[in-house]
Amino acid sequence: NAGVTQTPKFQVLKTGQSMTLQCAQDMNHEYMSWYRQDPGMGLRLIHYSVGAGITDQGEVPNGYNVSRSTTEDFPLRLLSAAPSQTSVYFCASSRGTSRYNEQFFGPGTRLTVL
Amino acid sequence: DQQVKQNSPSLSVQEGRISILNCDYTNSMFDYFLWYKKYPAEGPTFLISISSIKDKNEDGRFTVFLNKSAKHLSLHIVPSQPGDSAVYFCAASGSNAGGTSYGKLTFGQGTILTVHP
Numbered sequence: 001n002a003g004v005t006q007t008p009k010f011q012v013l014k015t016g017q018s019m020t021l022q023c024a025q026d027m028n029h030e031y032m033s034w035y036r037q038d039p040g041m042g043l044r045l046i047h048y049s050v051g052a053g054i055t056d057q058g059e060v061p062n063g064y065n066v067s068r069s070t071t072e073d074f075p076l077r078l079l080s081a082a083p084s085q086t087s088v089y090f091c092a093s094s095r096g097t098s099r100y101n102e103q104f105f106g107p108g109t110r111l112t113v114l
Numbered sequence: 001d002q003q004v005k006q007n008s009p010s011l012s013v014q015e016g017r018i019s020i021l022n023c024d025y026t027n028s029m030f031d032y033f034l035w036y037k038k039y040p041a042e043g044p045t046f047l048i049s050i051s052s053i054k055d056k057n058e059d060g061r062f063t064v065f066l067n068k069s070a071k072h073l074s075l076h077i078v079p080s081q082p083g084d085s086a087v088y089f090c091a092a093s094g095s096n097a098g099g100t101s102y103g104k105l106t107f108g109q110g111t112i113l114t115v116h117p
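Sequence order for the protein chains is A and B.
Using our numbering, read the first sequence as starting at 1 and increasing by one per residue.
Using our numbering, read the second sequence as starting at 1 and increasing by one per residue.
Quick caveat, the hints were computed from the structure, so don't treat them as lab data.
Mixed in with the good hints, there may be bad ones.
To be verified - Straight-line alpha carbon distances no greater than 20 Å define the calculated DMTMM-like cross-link-like pairs of lysine to aspartate or glutamate that follow:
hint, chain 1, residue 1, chain 2, residue 2
1, B, K104, B, D24
2, B, K104, A, D38
3, B, K104, A, D56
4, B, K37, B, D59
5, B, K71, B, D31
6, B, K71, A, E30
7, B, K37, B, D24
8, B, K54, A, E102
9, B, K37, A, E102
10, B, K71, A, D38
11, B, K56, A, E102
12, B, K104, A, E30
13, B, K37, A, D56
14, B, K5, A, E59
15, B, K104, A, E102
16, B, K54, B, D31
17, B, K54, B, D24
18, B, K5, A, D38
19, B, K37, B, D1
20, A, K9, B, E15
Said to hold, decoys possible - Pairwise CB distance ranges, derived in the manner of DEER restraints:
hint, chain 1, residue 1, chain 2, residue 2, range
21, A, M41, B, Y39, 15 to 23 Å
22, A, T15, B, D55, 47 to 55 Å
23, A, M41, B, D55, 24 to 32 Å
24, B, G16, A, T15, 47 to 55 Å
25, A, N28, B, N57, 22 to 30 Å
26, A, T5, B, P79, 42 to 50 Å
27, A, A82, B, N27, 26 to 34 Å
28, B, Q3, A, S98, 15 to 23 Å
29, B, K54, A, D56, 25 to 33 Å
30, B, M29, A, N65, 25 to 33 Å
31, A, T20, B, R17, 25 to 33 Å
32, A, M41, B, K56, 25 to 33 Å
33, A, Q17, B, I18, 43 to 51 Å
34, A, M41, B, T45, 17 to 25 Å
As the list claims (entries may be wrong) - Covered by chain B, according to a simulated footprint, are these stretches of chain A (three or more residues, beta-carbon under 8 Å):
hint, segment
35, 36 to 46
36, 92 to 103
The C-beta atom is built at its ideal place from N, Cα and C for all residues, glycine as well.
Model the full structure from these sequences, guided by the hints.
Quick look at the structure:
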């Protein structure tokens, strides 16, 4: 199993550009989520999904869009990049939707917005 | 408003000694707590957890203590090893009014642990 994979590893954008961060898991996990990590802030939840076709907002959803058309994939779209979105983005998944299920994180995407 | 706080940005200990990482929370609805470990250029990995019905949970060299009245938890690593050098995140979860919270976690800022040989 590859686990949770994220692409790209690094990305530089200009303000106003759009892009999609990819996340895939091969463990048939129901639950997937996106976090961003900023210095001094820990990880903050952006969006999450409890299954294909079902998504919901987390703590910091503004400026981001998600969809879940398959169990395996959970892309994160930046609609119009802003410098405040410079961060490291982590995707995570877990087997069930229970909060007691262990979450597995991908290696992250480091995004810089100029 | 930081609901989970790790007030020590860094901790340095000698190999073989005890490492104690601390975490405080403010939200009374939190009832499940986790510790994650993160190496550079990797995602966080789950280390240990504790439910609010317990005050201690142990797994090998790692023990988590929970003091609900003080809204404080700590992670003890005994004995510390150089391979334990990493960033440690405390995280918390709680049920919402509907009784579901899924896997939504609130993280602390992290503590960088360095274990010297």
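Hints, verified against the model:
Our distance criterion of 20 Å between C-alpha atoms is met by K104 (chain B) and D24 (chain B), whose separation comes to about 18 Å. Of the supplied pair hints, the one linking K104 (chain B) and D38 (chain A) holds, its CA atoms being roughly 18 Å apart against a limit of 20 Å. In summary, the hint linking K104 (chain B) to D56 (chain A) is supported, as the alpha carbons are separated by about 11 Å, within the 20 Å threshold. The suggested pairing of K37 (chain B) with D59 (chain B) holds, with an alpha-carbon distance near 14 Å, which does not exceed 20 Å.
At roughly 10 Å between alpha-carbon atoms, K71 (chain B) and D31 (chain B) fall within 20 Å of each other, so this suggested pair holds. The suggested pairing of K71 (chain B) with E30 (chain A) is violated, with an alpha-carbon distance near 31 Å, which exceeds 20 Å. Our distance criterion of 20 Å between C-alpha atoms is met by K37 (chain B) and D24 (chain B), whose separation comes to about 17 Å. Distance check on the hinted pair: K54 (chain B) and E102 (chain A) sit about 19 Å apart at the alpha-carbon level, within 20 Å; holds.
With a CA separation close to 13 Å, the supplied pair K37 (chain B) and E102 (chain A) stays within the 20 Å bound. Restraint check for K71 (chain B) and D38 (chain A): not satisfied, since their Cα atoms lie roughly 24 Å apart, outside the 20 Å limit. Proposed proximity of K56 (chain B) and E102 (chain A) is supported: the alpha carbons are some 19 Å apart, at most 20 Å. Between K104 (chain B) and E30 (chain A), the direct Cα distance comes to roughly 14 Å. Compliance with the 20 Å bound is thereby established for this hinted pair.
Between the alpha carbons of K37 (chain B) and D56 (chain A) the distance comes to roughly 27 Å, so the proposed pair goes past 20 Å and is violated. Our distance criterion of 20 Å between C-alpha atoms is met by K5 (chain B) and E59 (chain A), whose separation comes to about 16 Å. In summary, the hint linking K104 (chain B) to E102 (chain A) is supported, as the alpha carbons are separated by about 12 Å, within the 20 Å threshold. The hinted pair formed by K54 (chain B) and D31 (chain B) meets the criterion: a straight-line CA distance of about 10 Å does not exceed 20 Å.
Simply put, K54 (chain B) and D24 (chain B) have alpha-carbon atoms about 17 Å apart, close enough for the 20 Å limit, and the pair holds. Proximity of K5 (chain B) to D38 (chain A) is assessed by CA-CA distance (about 14 Å); at most 20 Å being required, the pair is judged to hold. Proximity of K37 (chain B) to D1 (chain B) is assessed by CA-CA distance (about 23 Å); at most 20 Å being required, the pair is judged violated. For the suggested pair K9 (chain A) and E15 (chain B), the alpha carbons sit about 33 Å apart, so the restraint of at most 20 Å is broken.
Remark: the range hint 15 to 23 Å for M41 (chain A) to Y39 (chain B) is upheld by a beta-carbon distance near 19 Å. Distance hint for T15 (chain A) and D55 (chain B): a CB-CB separation of about 49 Å, consistent with the stated range 47 to 55 Å. Range check, M41 (chain A) to D55 (chain B): about 29 Å between beta-carbon atoms, so the 24 to 32 Å window is met. At about 50 Å, the beta-carbon gap between G16 (chain B) and T15 (chain A) stays in the expected band of 47 to 55 Å.
For the pair N28 (chain A) and N57 (chain B), the supplied restraint of 22 to 30 Å holds, since their beta-carbon distance comes to about 28 Å. Checked against the hint of 42 to 50 Å, the pair T5 (chain A) and P79 (chain B) fails, with Cβ atoms roughly 35 Å apart. One distance hint, 26 to 34 Å for the beta-carbon pair A82 (chain A) and N27 (chain B), holds here, with the actual separation near 29 Å. Roughly 21 Å separates the CB atoms of Q3 (chain B) and S98 (chain A), a value that falls within the hinted 15 to 23 Å.
Between K54 (chain B) and D56 (chain A) the Cβ separation comes to about 30 Å, which falls inside the hinted range of 25 to 33 Å. Against the hinted window of 25 to 33 Å, the Cβ-Cβ separation of M29 (chain B) and N65 (chain A) comes to about 28 Å, which satisfies the hint. The hinted window of 25 to 33 Å between T20 (chain A) and R17 (chain B) is violated, with their beta carbons roughly 46 Å apart. In this structure the hint that M41 (chain A) and K56 (chain B) lie 25 to 33 Å apart at CB holds, the actual value being about 29 Å.
Between Q17 (chain A) and I18 (chain B) the beta carbon distance is about 49 Å. The supplied range of 43 to 51 Å therefore holds. For M41 (chain A) and T45 (chain B), the hinted distance range of 17 to 25 Å is satisfied, since their beta carbons lie about 20 Å from each other. Here's how the segment 36 to 46 of chain A fares: 6 of its residues keep a CB closer than 8 Å to some CB of chain B, so the rule of at least three is met and the hint holds. Three residues within the 8 Å Cβ limit are the bar, and the segment 92 to 103 of chain A against chain B gives 9, so the coverage statement holds.
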